[in-house]
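Visitor: Protein chains in written order, with my numbering: chain A, 301 to 534; chain B, 301 to 534.
There's no promise every hint is true.
Any copy, or any two copies together, can satisfy a pair, since identical chains are not distinguished.
[Stated by the list, open to error] Under the rule of at most 20 Å between Cα atoms (straight-line distance), these lysine to aspartate or glutamate pairs were calculated in the EDC-like manner: (1) K369 to D342; (2) K311 to D331; (3) K460 to D436; (4) K465 to D402; (5) K460 to D402.
Think of the hints as simulated: they come from the structure by calculation, not from any bench.
There are 2 protein chains.
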Amino acid sequence: MKNDKRLGRAKAIVLLSGGLDSATTLYYARDKGFLCECLSFDYGQRHSRELDSAKRIAKSAGCGHRVMKISLPWKGSSLLDKNIKIRGAKGRRALAGNSIPDTYVPGRNIIFLSFALSFAEAIKAKAIFIGANAVDYSGYPDCRPAFYTAFGSVIRTGTKCGVEKMPVKIMTPLINKTKAGIVELGSRLQVPFELTWSCYAGGLNPCGRCDSCFYRSKGFIEAGIPDPLFIQEV
Amino acid sequence: MKNDKRLGRAKAIVLLSGGLDSATTLYYARDKGFLCECLSFDYGQRHSRELDSAKRIAKSAGCGHRVMKISLPWKGSSLLDKNIKIRGAKGRRALAGNSIPDTYVPGRNIIFLSFALSFAEAIKAKAIFIGANAVDYSGYPDCRPAFYTAFGSVIRTGTKCGVEKMPVKIMTPLINKTKAGIVELGSRLQVPFELTWSCYAGGLNPCGRCDSCFYRSKGFIEAGIPDPLFIQEV
C-alpha cells in the first residue's frame with residue numbers, strides 16, 4: 301500500500317503485542333509514512349510483561365497507544381488458563397507435524413482485528429498492520445495468509461468503509477518472512493529489540509524453552525545478530 | 301442445519317440483544333433442538349433497557365446467558381455518543397435511499413461474532429445464531445447475506461475448528477424475512493414479545509419514532525398481530 305505523503309500522512313492502526321514481530325511491524329508502518337495508533341489487548345494473559353513492553357515500544361516510536369481490556373469469561377487455552385501447562389519446545393515438534401498448539405486462544409486474532417477495524421473506521425484510518433507470520437510460527441490458523449484474505453472480504457462486505465468502496469486494508473508485511481528475515485528487517489529499522497518481550501512466561505528473563513522463545517532465538521541466531529534479551533547458546 | 305437429537309443436543313451460541321429479532325432467533329434455535337447459550341454485550345449503549353430484556357428473555361427460554369462488557373473507547377455512532385442526535389423515522393427515508401444511518405456502530409456485528417466464535421470454540425458449540433435481517437432493516441452493512449458468507453470463510457480459514465473441517469456454522473434464520481414474517485414466526489414459537497425491547501431510546505415506553513420502532517411497528521401491523529409494548533396507530 302502506497303502512502304502518498306503529499307496528501308498528508310494516512311493513519312494506521314498497528315496491533316502491538318509487545319513482541320519482536322509486532323514491534324518490527326510498527327517500525328515498518330512508521331517507516332512507510334503512516335501516522336500509527338497502536339492497539340494492545342489485556343485479555344487475561346498469564347502475565348503483563350508483554351503489555352509493559354508494548355507501552356515502551358509505542359513510546360519509543362512516538363506513537364499513540366491504547367490498551368483494551370477484554371477478559372474472556374471462557375477458557376480453552378494454556379495462555380489464559382493457569383491450570384493448563386504450557387508445553388515446552390513445542391515449536392521444534394511443530395516443525396515436523398502441523399498440529400495447533402495448546403497456546404491457541406480461540407478466535408484471538410479475529411477479535412483483535414475486529415476491534416482494530418472498529419477503531420480504524422472511527423478515526424478514518426486507511427490500514428491495519430498486524431505482525432502475523434506464517435513461516436517460522438507455531439501453526440496458529442489465524443496467522444496464515446488465507447485468513448487475512450478472508451478477513452479482507454469481511455471488511456468489504458460488512459462495514460461502511462467497505463460498502464463505500466474505501467475498505468480499510470489489512471497489512472501483513474511479515475507474513476512470508478522467516479524469523480531471521482524479521483530480525484534483519486527490525487535491525488535495519490532500528491527496532492529497540494531490548495524493549496520487546498516474546499516469552500509466553502513472565503519473569504525477569506525469557507524462559508528459553510517455550511515456542512515463542514524457540515522461534516525468537518532461531519531468528520536471531522540465523523540472522524547472526526545478538527538478541528539483547530538473553531545470552532544465546534549458539 | 302439439522303440437529304440430530306439422537307446424538308444428543310448440539311450446543312449453539314445465540315446473540316441476544318433483547319429485541320424482537322434476536323428473541324425470535326433464540327426461540328427458533330431452541331425449537332430446532334439446540335442447547336442454547338445466549339450472549340449479550342454491554343458496549344456503551346445509551347441505555348440498559350435492552351440488556352434487561354435480554355436477561356428476561358433468556359430466562360423465559362430456560363437458557364444460559366452471559367453479558368460481556370466491551371466499552372469501545374472510541375465514538376462514531378449516535379448509539380454510543382450522546383452528543384450525536386439519533387435521527388427520527390430514518391427507516392422511512394432509508395426505504396427510498398440506501399444510506400447507512402448514524403446509528404451504525406463501526407464493526408459491531410463483526411466484534412459480536414468474533415466473541416461468539418471464541419465462545420463457541422471454547423465450549424465446542426456447533427453453531428452461532430444471529431437475528432440479522434436484510435429486508436425490513438436500516439441498511440447496516442453487517443446485516444446482509446454477503447457479510448455472513450464472508451465471515452464463514454474467516455471461520456474456515458482462521459480457527460482451529462475450521463482447519464479441522466468442523467467449522468462453527470453461522471445461522472441467520474431471519475435474513476430474508478420481512479418484519480411481518482418475523483412477527484408471524486415469533487408468534488408461532490410463542491416468543492414473549494412483551495419482554496422484548498427494540499427502541500433505540502430508553503424510557504418506560506418505546507419512542508415510536510426511531511428506525512427500530514418504525515420497523516417493529518410495521519411488522520406487527522402487517523402481520524395483523526397486536527404489539528403488547530404499545531398501542532398502534534393503524
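Visitor: All hints, please: hold or fail.
Guide: Status of each hint after checking the structure:
1. In this homomeric assembly, K369 and D342 come within 20 Å of each other (Cα to Cα) both inside a single copy, at 5 Å, and across copies, at 14 Å.
2. In the homo-oligomer, the alpha carbons of K311 and D331 lie at most 20 Å apart inside one protomer (13 Å), although the nearest pairing across protomers, at 47 Å, exceeds that limit.
3. When the C-alpha separation of K460 and D436 is checked against a cutoff of 20 Å, the pair qualifies only between copies, where the shortest distance is 19 Å, while the shortest distance within a copy is 35 Å.
4. For the homomeric pair K465 and D402, the shortest alpha-carbon distance between copies (18 Å) is at most 20 Å, but the shortest distance inside one copy (39 Å) is not.
5. In this assembly of identical chains, K460 and D402 lie within 20 Å of each other by CA distance solely across copies; the values are 11 Å between and 36 Å within a copy.
In terms of the numbered hints stated before, the structure departs from none.
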